[in-house]
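Visitor: These are the residues of each chain, in order.
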Amino acid sequence: MARRETMQRKIFITALAWVVGLIVFFPILWTVLTSFKTEGDAINISGFFSTGWTTEAYSVVQSRSNYVQFAWNSVALALGSTFFALVIAIPSAWAMAFAPGKRTKDLLMWMLSTKMMPPVGALIPIYLIFRDLGLLDTRGGIITVLMLLNLPIIIWMLYTYFKEIPGEILEASRMDGASLGKELLYVLTPMAIPGIASTLLLNIILAWNEAFWTLALTTKDAAPLTQFIASYSSPEGLFWAKLSAASTMAIAPILVLGWFAQKQLVRGLTFGAVK
Amino acid sequence: MGTISLKNARKAFGDVVIIPGASLDIKNGEFVVFVGPSGCGKSTLLRMIAGLEDLTSGAILIDGKDMTEAAPSKRGLSMVFQSYALYPHMSVRGNISFGLKMAGMPKNEIDAKVAKAAATLNLTEYLDRKPRQLSGGQRQRVAIGRAIVRNPEGFLFDEPLSNLDAALRVNMRLEIMQMHKDLGATMIYVTHDQVEAMTMADRIVVLNRGNIEQVGSPLELYNRPDSLFVAGFIGSPKMNLISGKPAEKFDAQTIGIRPEHLGISLKDGTWPAKISLAEHLGADTFLHVDAGPCGMMTVRAAGEYDAAPGAKIFLTPEPDRIHCFDKDGKAIRK
Ligand SMILES: Nc1ncnc2c1ncn2[C@@H]1O[C@H](COP(=O)(O)OP(=O)(O)OP(=O)(O)O)[C@@H](O)[C@H]1O
Ligand SMILES: [Mg+2]
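Here the protein sequences come in this chain order: A and B. Take 1 as the starting number for the first sequence in the numbering used here and just add one per residue. Take 1 as the starting number for the second sequence in the numbering used here and just add one per residue.
Same shape as in the complex, but just chain B (with noise of 0.2 Å):
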């Protein structure tokens, strides 16, 4: 149960192709993160696994069976989206309930499961409030609410954070892996947040224009990028990308070296550079150096650095840290 598989799914609209044939397979339980640039099709594509959005061709299968034709309620999938989607005109015990009544279930036992899922998400006290009556946190609850109580296979989550402010977020984030360790169900959450990615996922998909870059673990993606895309968009700050000189002497068109990777000294090292400007967040500072012919690039230093613009410090990349790519933009294994 709950297994969800991409058979070189496509979507165009009219000439437009923008998913150009995905294909992915997601084990029950697992918790898949899909992260890429705006724009790159990641609603689409999840939107494709709801049934809101047809498959131009392809096929999408779900718990085995074949589903690319069934309606969005048909597939046992619930999905929270990123305004919600509340019902503005009826309660929270309304909205939540919806889909149970939907399904033709008797009154006690809808009353049950309302019961029991606005008492998991702390909203007993608001069920007879409605929606513009919550607080923005409250509301991502009542929309959890109604995609945990009809019990479905799987979870498609369409950036459902994204609304809320820093602590918010943080909060939420661990009630929804918690979520996913109660239920044990399978879910697909879009976010473009780093943090979300890396923490929460079990695999992460990184799509480009459409494309399935690389699948893996966060650690994997962090370590082992497979291409250029990947390797720059995984990671925060992003990855140092060094061409020209300096990626010669690797024989890679490009380098790569994330920049906690980069040893930072005034007397001797790799690359000479100067600062030019430095953030500081407390618990590491973030150097922007100009690395000469490697150009601009950003080093971590831990703790408070004490750092003057102007001035001259030497950098060395850990040696098994730095990811060469060939010109097609592909990492070179070694």
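This is chain A alone, in the form it adopts within the complex (with noise of 0.2 Å):
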């Protein structure tokens, strides 16, 4: 009895596992097969399957636009907003954890709260202090916007993570004479190393696609695939196909990031808590 009842159970959480995954697939999915069709067909949403497959949108989009500049640009920006953002955390996140103080929780949840602030309100004077300091359009402007914007998130995981190593494994390598750069380097770093990898991976896709600030502060020079996407929808009205084109251009590299570091992805989504 209660042995039938689990493969029913089985069953039906399968399926249901499978339902959710294709809806949460199927924009994306939708926005492929779209791209693959002609503006004709894309136009008709009633229709799943084109009446004639056609890379067409592509080689229009390839033509149009550079995309490598834009790609180049997004991989800039991800990468330099995560490194710097991680060269901050790394030593906040080890102070707060190890050498807590009375107000360290109180700030914890301060830096937290400023990420439900609307970004909205911080655009302005943002704004006039880009133009003012001619950073507008720059890689090092953006670079440090995104990093300010990731930091509060970076320092809670990495937080989340030092919190988990036994403060005695410490204390045994100070018994055994470890300095605090050996003890750095040989006990505390190695420990930590998959709770860094998955805020690094997190943090570059988390820049990658981050749109508000990038559209509101690039035009061309420092413009990542978010602008890229962006000059294909509104000015020359609805052209799908070469929308979903640059949309598939511009998440196929974080889709095969995302595909190889699932495992990291989903201890660093939970906050450590899956091991």
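A few of these clues could be false.
Claimed, not checked - SDA-like, lysine to any residue: derived pairs with alpha carbons at most 25 Å apart: (1) A/102 to B/15; (2) B/101 to A/190; (3) B/101 to A/168; (4) B/107 to B/153; (5) A/163 to B/54; (6) A/163 to B/90; (7) A/182 to B/103; (8) B/130 to A/168; (9) B/130 to A/197; (10) B/327 to B/271; (11) B/74 to A/181; (12) B/107 to A/189; (13) A/182 to B/110; (14) B/130 to A/166.
These aren't lab readings, by the way, just hints derived from the structure by calculation.
Build the complex: two chains, separate frames, hints provided.
Guide: Quick look at the structure:
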């Protein structure tokens, strides 16, 4: 009896997982399918499949805009902002996890609370600062903004990972005669590498997908793939096939990265709760 | 070499005083056990000696030298943690050799020392495994191996066996005692296990709320407890403590009598009692009895004592085994 029930449960849960998975995946699938249609087929949403598959949208997109430059900017912004964020976040998180003060918890909550502010509230001041400092449409400027944007999350993630490392292990290394530097190098960092890796991956993805600030603060020189997609949306009317082709090209690299880094990402997104 | 002295060592976390001021002299090669209820500050005191916790005031002398400000690694002490605290990313070999590496010892010397320690602890075939691939007992051995390989003056153990099952605990206990004999090093051992404390210690230090209540050999503490607290804490099952009328007869606020020092008779005796529960352990039977004005008491009967709940018996304390305490809980010596 119990056995049959678990079998039914299994089938039910598997089916449910597939349904949820397909719903989540559907927009991406639809985008990819649409990108291989003619503009005429694309606008006709009732047809799931095209009358004639074509890569025409891709060739138009390719000839009209310089994909490589946008992509290169995306890579630079994602890696650059993540790198500098880690440089600041690792020591901060170490300090908060292993030498907490009275206000550490409050500080962490406050940092997280900044993420609840609608970004548009800060748009005007930041835009003006960028304009006056000549940072508009520069990689350095956008890297700074993206770094600041993700810093609270990065520090939180690293903090939760570091918290998991038992202090006694660090103390054991101190008893064993390790200096602070050696303790960091030989004991702390190797133990934290999985956490640092998933934080890094998640933030590359967040920075890659960030659209609000990149759209607002770039025009050409520092414009990443979000601008590349946006340039196919409104001004020339609705060209769904081309828009889809651009989107597919923009998300493809990050999808591939995500596919290979699935395990790390799940750990990252659950803030270390799943091992 | 290997003496450890606490001079009025005090520890407070903010406003909370954990150790109000502990003074203690430990001789070279001595096996000292810290016991006390949970939260009384045993680990804190041990960590102060290790150098992992700063003193608020007072001093710690090791080998006669003031080590109060010295880094943990400069004190010549090794510590075995309750959680083992092995380096999870290093092999057993890496764990045992880490301290030697940090000391800058040449590789061939390290290899020889690790091999020797591993052989002593039966770890030779596990040297290339990671800690997560070991059983609890093996992890404990690695932790001990990491401690002995540095050849320290003294060892600090914080409840090292509490995560092991009963049989393994007995084995490891014997091994640690053997190790103490072989190495002749000073050892301080924290435990809340009565048997460990009684069997391993040269001297037991009883802690109560951060205060050292009494220091003495196991039998001294068992036979001549200085205070109610020590009387109640040392010995298992606990000493029966009786106050009121029966105690007044002895000119005491409270009298104590251990379960094993009460005679049982069906006909006559000092205190009549009614059995409420019998625990059969095989070799002994512990009777929980209601002794009227004396309150609930525990009595040990040798062998399989056939007792029905509700049966009436008489208890007679061995006269020279009665402990008398005044109203401050201090022992009254006659
Ligand atoms: N870092 C700290 N900050 C504040 N209080 C602390 C700190 N570490 C320990 N304490 C407090 O000090 C007291 C003694 O703790 P300690 O760990 O020494 O007890 P213990 O005797 O080892 O107990 P157990 O048998 O449960 O291990 C406890 O009340 C604990 O709450
Ligand atoms: Mg403790």
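Visitor: Decide, hint by hint, whether the structure agrees.
Guide: Checked hints:
1. A/102 to B/15: Within the cut-off at roughly 13 Å; holds.
2. B/101 to A/190: With a Cα-Cα distance of about 17 Å, the restraint between residue 101 of chain B and residue 190 of chain A holds, given a limit of 25 Å.
3. B/101 to A/168: Answer holds: residue 101 of chain B to residue 168 of chain A is near 20 Å, not above 25 Å.
4. B/107 to B/153: The hint holds at about 23 Å.
5. A/163 to B/54: holds (22 Å)
6. A/163 to B/90: holds (20 Å)
7. A/182 to B/103: With Cα atoms ~12 Å apart, residue 182 of chain A and residue 103 of chain B stay inside 25 Å; holds.
8. B/130 to A/168: Holds - the C-alpha atoms of residue 168 of chain A and residue 130 of chain B are around 18 Å apart, at most 25 Å.
9. B/130 to A/197: With a Cα-Cα distance of about 22 Å, the restraint between residue 130 of chain B and residue 197 of chain A holds, given a limit of 25 Å.
10. B/327 to B/271: holds (23 Å)
11. B/74 to A/181: The hint holds at about 17 Å.
12. B/107 to A/189: holds (24 Å)
13. A/182 to B/110: holds (18 Å)
14. B/130 to A/166: holds (17 Å)
Comparing the model with each earlier hint shows no violations; every hint is respected.
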